[in-house]
Amino acid sequence: MYSPVTIPFGAKMLFNTVTIKPGVAFEDVELALAEMCNVVKDTYGGDKGGFIAGQVYEFSGFVSDEGSLSDSRSAEKHIAIVTYWKSFEEHERSHADKAFKDKFAALARLCVESKELGYDMLWQGALE
34 MYSPVTIPFG
44 AKMLFNTVTI
54 KPGVAFEDVE
64 LALAEMCNVV
74 KDTYGGDKGG
84 FIAGQVYEFS
94 GFVSDEGSLS
104 DSRSAEKHIA
114 IVTYWKSFEE
124 HERSHADKAF
134 KDKFAALARL
144 CVESKELGYD
154 MLWQGALE
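Using the numbering used here, read the sequence shown as starting at 34 and increasing by one per residue.
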């Protein structure tokens, strides 16, 4: 569950920001999030549906002065869900499935917004 991931070149990355409702603590969404992620991993992993790997991040509140072009330094409390897939089509099939929709609905009840954007990999590298 907490091991390094290896992302093959050409993987599709989906970046989902989920804005948490005011007054809801991360701990309140943790169970719904864990159940949703387990359904994805166990049901759609590898040849079963194209899921490669995923990561979940909680916004720390840090906004980089050096890496930001905007003067705004505010952001709502949110989590980022990063998943890697063999194709966008496999991602969409998995997320249209009832098993996923039921778990995502439980998370959605604790949130005000979710936006998932898909990216094509252009480059990757590591220290040599």
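Hints are computed from structural coordinates only; laboratory data are not their basis.
Careful, some of the hints might be misleading.
List of simulated lysine to aspartate or glutamate pairs, DMTMM-like, C-alpha gap at most 25 Å [as the list claims (entries may be wrong)]:
1. Lys136 to Glu91
2. Lys131 to Glu68
3. Lys148 to Glu68
4. Lys110 to Asp75
5. Lys131 to Glu146
For clarity, every value in this text was computed on a predicted model and none was experimentally measured.
Hints, verified against the model:
The hinted pair formed by Lys136 and Glu91 meets the criterion: a straight-line CA distance of about 19 Å does not exceed 25 Å. Proposed proximity of Lys131 and Glu68 is supported: the alpha carbons are some 14 Å apart, at most 25 Å. A distance of roughly 19 Å separates the Cα atoms of Lys148 and Glu68; the hinted pair therefore holds under the 25 Å criterion. Between Lys110 and Asp75, the direct Cα distance comes to roughly 28 Å. Violation of the 25 Å bound is thereby established for this hinted pair.
For the suggested pair Lys131 and Glu146, the alpha carbons sit about 20 Å apart, so the restraint of at most 25 Å is met.
Hint compliance for this structure: hint 4 alone is broken.
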